[in-house]
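Novice: As a plain string of letters, each chain reads:
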Amino acid sequence: MYVAVKGGEAAIDNAHALLAHERRGPEDVAEIAPRQIETQLKLAVDRVMAEGSLYDPKLAALAIKQARGDLIEAIFLVRAYRTTLPRFGASEPLDTARMAIERRISATFKDLPGGQVLGPTFDYTHRLIDFLLEAGAELPLPAEVEAAHEATPRVTDLLDDEGLIERDVPDDMADVGDLTRAPLDFPADRDLRLQALARGDEGFLLALGYSTQRGYGRTHPFVGEIRFGAVTAEYVPEELGFAVPLGSVAVTECQMVNQFHGSADVPPQFTRGYGLVFGQSERKAMSMSLVDRALRTREFGEDVVAPAQDEEFVLSHCDNVQATGFVEHLKLPHYVDFQAELGLVRKMRAEHAARRQGTDSELKEAAE
Amino acid sequence: MTSSISHAVRPKTEGYLVLRRQALMALLAEATKDEICQILSDIGAGALAAAAVDLRRPESGLVMLRGRAGGDGRAFNLGEATVTRAAIRLPDGRTGFAYQLGRDSEKARISAILDALCQGDEHVAVERAARTVRQRVAAEAETKARRVAATKVDFFTMVRGED
Chain A
1 MYVAVKGGEA
11 AIDNAHALLA
21 HERRGPEDVA
31 EIAPRQIETQ
41 LKLAVDRVMA
51 EGSLYDPKLA
61 ALAIKQARGD
71 LIEAIFLVRA
81 YRTTLPRFGA
91 SEPLDTARMA
101 IERRISATFK
111 DLPGGQVLGP
121 TFDYTHRLID
131 FLLEAGAELP
141 LPAEVEAAHE
151 ATPRVTDLLD
161 DEGLIERDVP
171 DDMADVGDLT
181 RAPLDFPADR
191 DLRLQALARG
201 DEGFLLALGY
211 STQRGYGRTH
221 PFVGEIRFGA
231 VTAEYVPEEL
241 GFAVPLGSVA
251 VTECQMVNQF
261 HGSADVPPQF
271 TRGYGLVFGQ
281 SERKAMSMSL
291 VDRALRTREF
301 GEDVVAPAQD
311 EEFVLSHCDN
321 VQATGFVEHL
331 KLPHYVDFQA
341 ELGLVRKMRA
351 EHAARRQGTD
361 SELKEAAE
Chain B
1 MTSSISHAVR
11 PKTEGYLVLR
21 RQALMALLAE
31 ATKDEICQIL
41 SDIGAGALAA
51 AAVDLRRPES
61 GLVMLRGRAG
71 GDGRAFNLGE
81 ATVTRAAIRL
91 PDGRTGFAYQ
101 LGRDSEKARI
111 SAILDALCQG
121 DEHVAVERAA
131 RTVRQRVAAE
141 AETKARRVAA
151 TKVDFFTMVR
161 GED
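Just so you know, the sequences run in chain order A and B.
FYI, the numbering used here numbers position 100 of the first sequence as 100, with every residue one higher than the one before it.
FYI, the numbering used here numbers position 78 of the second sequence as 78, with every residue one higher than the one before it.
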């Protein structure tokens with residue numbers, strides 16, 4: 001247990017001034033501008049927006065600068081900032097079918113209507129350090145070809161007529177759970193699980209997703225589709241009564257198609273896991289969809305045999321701000337607590353020694 | 001990105017006017033503050049704009065962005081976005097509103113003024129002045145689409161051996 005301490009004000013002030021100085025670094029190196037972070041370290045910005053659960057690239061870039069590149073610290077800053085703002089309301093659900101596609105791939109359908117485009121990806125690079133980036137070489141312009149502007153339906157809509165893939169059914173009468181307003185309760189419905197996963201730690205979800213692939217709650221996944229691009233966010237203010245386009249939001253969506261499930265009423269069909277994340281983050285969207293599917297265990301009457309299927313375990317530990325808060329609080333002064341433990345262990349040792357002495361003298365007597 | 005609006009217009013609003021306002025709002029959301037100021041100055045509405053009073057002072061807040069499970073299923077809360085809103089009234093009584101991603105109060109307030117103006121005769125001038133921004137946004141989107149199209153991929157499945 002933590003007991004409050006006082007004192008140390010001067011040391012704390014000086015430590016923070018030292019931090020600011022170290023953050024700036026050597027003065028003969030140009031200071032980094034948030035705009036540079038926003039545009040050139042975009043994927044770090046995307047991660048901070050996703051796990052900070054706040055879409056605002058400028059703010060995320062500033063948080064990364066303030067946090068000296070520590071992304072969990074930046075996420076913490078963004079989470080703290082959001083608590084200072086009033087909430088106007090909730091948007092209409094984003095329509096990812098009308099995304100301005102920047103990347104779209106499928107591992108299951110070679111000839112996807114609307115086509116597969118690689119977009120800006122690390123895939124198929126050789127992962128060799130590029131020393132030209134150090135030298136600041138001039139880049140050729142990207143290639144351009146005629147854009148077809150075809151419709152790009154979600155892959156899961158394609159096999160619809162055969163019913164080979166389970167359908168998600170909209171239920172707009174149902175309340176949408178919000179874990180920022182009410183504490184999580186178990187069992188949690190899928191809306192709450194998806195919200196928790198969308199803001200959950202990428203590393204934690206990656207490891208859990210990986211564990212399902214290695215056999216801890218296997219789901220036999222295929223990437224039905226991954227798409228990244230901009231969608232328009234719409235909000236209906238009460239005073240206007242019509243949908244106001246707020247602007248575009250970049251998101252990554254992953255449709256994971258998993259092995260069959262059927263019942264007496266429903267013939268076998270592929271099941272699905274879903275991932276949706278702010279910004280360009282395929283690893284996170286894929287991990288989220290693997291874990292989403294694993295967490296649907298109850299729904300499909302499967303046994304909970306692995307960590308990724310245990311919703312209380314996953315949802316209680318996927319938030320890195322909560323996790324870092326509890327882990328890092330251990331470094332705060334715990335003097336009172338530790339004093340009590342010291343006292344206890346001394347007493348136990350004294351009792352132990354006394355017992356031992358007693359036994360020794362008994363043994364001695366017996367021997368004599 | 002220009003936006004097409006999926007929503008059925010609610011009966012209490014006049015359909016055509018709503019579509020016009022939505023189209024302008026979509027454009028202003030993509031425009032920079034400088035571009036929006038330029039539109040206001042191009043239509044010579046500086047004096048009118050100066051006389052606008054705040055119905056609600058520009059304010060930054062949050063809108064919870066929702067997604068749907070599987071893209072088309074049950075709605076869930078994806079995460080919030082910063083949104084700035086403004087509401088003004090012109091001396092002639094017209095009111096204008098703005099709700100935009102981000103935290104730029106000045107941009108939101110001028111956008112609200114343009115929303116009010118586009119509900120009257122000035123809408124032709126507003127739309128003409130906005131054409132430059134519309135072209136800039138469309139050209140950027142087209143360049144991006146052409147670059148993305150150049151990464152279109154056709155994978156061929158190799159024929160396996162006689163196994």
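Among the hints, a few may not be true.
Quick list of in silico lysine-lysine cross-link-like pairs, DSS-like style, CA-CA up to 27 Å [stated by the list, open to error]:
#1 Lys144/B with Lys331/A
#2 Lys42/A with Lys65/A
#3 Lys364/A with Lys6/A
#4 Lys347/A with Lys331/A
#5 Lys152/B with Lys33/B
#6 Lys110/A with Lys152/B
#7 Lys347/A with Lys364/A
#8 Lys58/A with Lys42/A
#9 Lys33/B with Lys65/A
#10 Lys33/B with Lys58/A
#11 Lys347/A with Lys65/A
#12 Lys33/B with Lys42/A
#13 Lys58/A with Lys144/B
#14 Lys144/B with Lys110/A
#15 Lys42/A with Lys152/B
The hints are simulated quantities; they were obtained by calculation from the structure and are not laboratory data.
Novice: What's the verdict on lysine 58/A and lysine 42/A, does the C-alpha distance respect the 27 Å limit or exceed it?
Specialist: This hinted pair holds, its Cα atoms lying about 11 Å apart.
Novice: Within a Cα-Cα threshold of 27 Å, do lysine 110/A and lysine 152/B meet the stated pairing?
Specialist: At roughly 12 Å apart (the allowed maximum being 27 Å), lysine 152/B and lysine 110/A satisfy the hint.
Novice: Do the alpha carbons of lysine 33/B and lysine 58/A lie within 27 Å of each other, as the hint requires?
Specialist: holds (15 Å)
Novice: Please work out if lysine 144/B and lysine 331/A have their alpha carbons no farther apart than 27 Å.
Specialist: violated (49 Å)
Novice: Given the hinted pair lysine 347/A and lysine 331/A, is their Cα-Cα distance within 27 Å?
Specialist: holds (26 Å)
Novice: Sort out whether lysine 364/A lies within 27 Å of lysine 347/A, counting only the CA atoms.
Specialist: Given pair lysine 347/A, lysine 364/A holds - Cα atoms ~26 Å apart, limit 27 Å.
Novice: For lysine 33/B and lysine 42/A, compute the direct alpha-carbon distance and say whether it is at most 27 Å.
Specialist: Holds: lysine 33/B and lysine 42/A sit about 22 Å apart, inside 27 Å.
Novice: Do the alpha carbons of lysine 152/B and lysine 33/B lie within 27 Å of each other, as the hint requires?
Specialist: Given pair lysine 152/B, lysine 33/B is violated - Cα atoms ~35 Å apart, limit 27 Å.
Novice: For lysine 364/A and lysine 6/A, compute the direct alpha-carbon distance and say whether it is at most 27 Å.
Specialist: violated (54 Å)
Novice: Is the straight-line distance between the alpha-carbon of lysine 42/A and that of lysine 152/B 27 Å or less?
Specialist: holds (23 Å)
Novice: Within a Cα-Cα threshold of 27 Å, do lysine 58/A and lysine 144/B meet the stated pairing?
Specialist: holds (22 Å)
Novice: Can the restraint linking lysine 42/A and lysine 65/A be considered satisfied, given a maximum Cα separation of 27 Å?
Specialist: This hinted pair holds, its Cα atoms lying about 13 Å apart.
Hint compliance for this structure: hints 1, 3, 5, 11 are not met, and every other hint is.
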